Amino acid sequence: MKKCLKTKPLLLLFTCGLLYSAAAEPQLSDYLANDLELKRLSLELKKTLLSAKSTSIDNGIDIQLSSGTATFTFSENDSYVKFQPNAKMTVPQASNLTFSTSTKVTKSGQEDETKVDDTKFSLSADIISGSLLTRKLNLKKADRQVLEARRKLQDYALTSEINYYKQLRSLLDTSSSIISAQRSMYDDTIDFEEIKAKGYDPRSTKYREAEMDVISDRRNVETKIHKLERDCAVFASKCNAEFKPGTLPKDFLPTEIPVVEGVNILSFDKENYKKIESAKWNQEIAALGRKADKNFTLSASAGYTIKNSDTKTSSDKEKEASDTVDAGLQATFSGLSLGAGTSIPTNGESPVYTVTASINPNKFRKLSIKKKQNQMNEQEEEIEIQAALNTYEEDVIDRQRSLSDLYWTKQTNQESYEMYISFAQDMKKNLDNGLITESEYLYAYANRELYRIKLLINDIDILIYNNEVKLLFCRDSELQE
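At position 113 of the sequence shown the residue is numbered 112 (numbering that gives the first Met the number 0), and the sequence of numbers has no breaks.
In case anyone wonders, no lab produced these hints; they're calculated from the structure.
Every value quoted in this text rests on a predicted model; they were computed, and no experiment measured them.
The C-beta atom is built at its ideal place from N, Cα and C for all residues, glycine as well.
The reader is advised that the hints may include incorrect statements.
Stated by the list, open to error - What follows is a set of in silico ranges between Cβ atoms, one per label pair, in the way DEER data are often shown:
1. T254 / I382: 45 to 55 Å
2. S78 / V115: 10 to 20 Å
3. R143 / G338: 29 to 39 Å
4. G338 / D61: 15 to 25 Å
5. G338 / E377: 31 to 41 Å
What the hints assert, rightly or not - Only pairs whose alpha carbons sit at most 20 Å apart, straight line, appear in this in silico EDC-like list of lysine to aspartate or glutamate:
6. K140 / D475
7. K106 / E319
8. K135 / E283
9. K274 / E381
10. K370 / E380
11. K428 / E417
12. K226 / D172
13. K369 / D292
14. K269 / D475
15. K279 / E377
Could you put together the complete structure from these sequences and hints?
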């Protein structure tokens with residue numbers, strides 16, 4: 000038996016820890032720091048913030064200044080330059096209030112005379128329109144994009160943490176499988192020792208089969224250990240840790256996992272369940288869009304024009320243009336557009352009137368279709384909300400049962416671990432007193448180590464469970480600006 004043990008020192012190191020090799024343990028903070036997707040999402044958030052600022056500017060006060068198109072005319076007798084400077088300011092948040100001014104400037108080179116005509120000052124605003132709602136809709140969408148970018152970064156940080164613990168769990172699972180393989184090896188070694196003690200001929204079939212079982216077990220354990228070492232090295236590279244050749248997995252893998260209480264899914268606000276929150280947001284924004292898309296709009300304008308050229312007719316070209324007070328109304332209803340305006344000269348002469356009208360029959364024909372589509376969209380939105388509520392109820396049941404199972408598994412593993420601690424201690428005393436073989440003691444010790452690792456895995460499972468539950472909900476109160 001002792002001769003057999005001398006041929007497999009590597010196997011004993013895994014469970015008994017006869018040698019020590021220092022190694023840096025993998026740290027979650029280092030793993031997260033190395034996650035490139037986190038860095039990419041952080042940049043994506045910054046880009047979204049810039050986009051939101053751009054949208055805010057687009058929907059805020061807008062000022063435009065223009066020199067207009069300048070026209071230069073040259074002849075033998077004279078030269079002229081004409082241009083129409085204009086300025087415009089729009090305040091969307093004040094019923095799309097717009098102030099504009101423009102003028103026509105003509106300058107003669109020969110006479111050195113500057114002539115200014117049609118200097119207009121105009122003020123317009125929406126009386127009935129969807130402009131305010133459209134502006135609100137655009138700003139809400141921009142804010143939502145920022146919020147979703149923050150949530151995406153927040154959620155991925157949790158997802159990355161889950162990935163860290165899942166990889167760590169996988170390494171511990173491999174460790175557990177190694178110990179299980181060692182138990183089989185020790186069990187077969189005990190049988191082999193009994194065969195030798197009974198005096199079987201080493202050339203006999205029974206002796207050789209028992210010996211081959213032990214050799215096969217040892218190779219199986221060695222294969223699993225080499226795989227674990229390779230996986231540890233890969234994991235270490237993701238955590239800025241070291242796993243040099245000759246490092247033992249037991250010195251790299253953590254011996255403790257943070258112990259936390261499993262979160263109760265009912266401790267989260269139902270309205271913050273992601274699918275419910277998203278469905279209600281989509282309903283709200285869609286309703287606002289339908290409300291902003293008005294079939295009837297009405298706007299009015301008023302202004303003053305200095306030297307309005309429209310007051311001059313072809314029969315009185317020499318007559319000087321009069322100043323006018325201007326007013327107008329513009330209305331649309333589906334495919335019908337109407338406009339009316341008037342310019343009243345200040346010198347008491349007859350007013351000038353303008354009228355415009357246009358019609359698009361197809362828009363009227365599509366109006367009833369659009370109403371039906373809106374009704375169907377509203378029904379779909381309600382269905383989405385109900386589906387999200389149903390999914391929430393299913394998740395509550397599933398997560399509560401999962402947490403209960405985790406605690407039950409941990410309790411049974413804890414009881415088994417305590418039992419095998421006591422059993423291993425008794426077996427060690429028996430070994431020291433020569434009452435049992437070393438293989439029998441190692442078998443008991445392996446059972447203790449198996450359940451120690453299972454308890455670590457239980458603690459990891461609860462950490463993963465907590466993060467997975469959190470990912471089901473919006474946690475905006477935790478977001479950082």
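Evaluation of the provided hints:
Checking the proposed 45 to 55 Å range against T254 and I382 shows it holds: the Cβ atoms sit about 52 Å from each other. A C-beta distance of roughly 18 Å is found between S78 and V115, which places it inside the suggested range of 10 to 20 Å. In this structure, R143 and G338 meet the distance hint of 29 to 39 Å, their C-beta atoms being roughly 37 Å apart. Between G338 and D61 the CB atoms are about 23 Å apart, so this pair conforms to the stated range of 15 to 25 Å.
Between G338 and E377, the C-beta spacing of about 34 Å keeps the proposed range 31 to 41 Å intact. Using a Cα cut-off of 20 Å, the hinted pair K140 and D475 holds, with the two alpha carbons roughly 17 Å apart. Annotation: proposed proximity of K106 to E319 holds, straight-line Cα distance about 17 Å (limit 20 Å). Of the pairs offered as hints, the one joining K135 and E283 holds, with about 12 Å between alpha carbons and a cut-off of 20 Å not exceeded.
Between the alpha carbons of K274 and E381 the distance comes to roughly 13 Å, so the proposed pair stays at or under 20 Å and holds. About 15 Å separates the Cα atoms of K370 and E380, which keeps this hinted pair within 20 Å; it holds. Distance restraint check for K428 and E417: the Cα-Cα separation of roughly 17 Å lies within the 20 Å cut-off, and the hinted pair is therefore satisfied. At most 20 Å may separate the alpha-carbon atoms for a hinted pair to count; K226 and D172 meet this at roughly 12 Å.
Taking the CA atoms of K369 and D292, the gap is about 11 Å. The hint holds against a cut of 20 Å. Annotation: proposed proximity of K269 to D475 holds, straight-line Cα distance about 14 Å (limit 20 Å). Between K279 and E377 the CA atoms are separated by roughly 11 Å; this keeps the pair inside 20 Å, and the hint holds.
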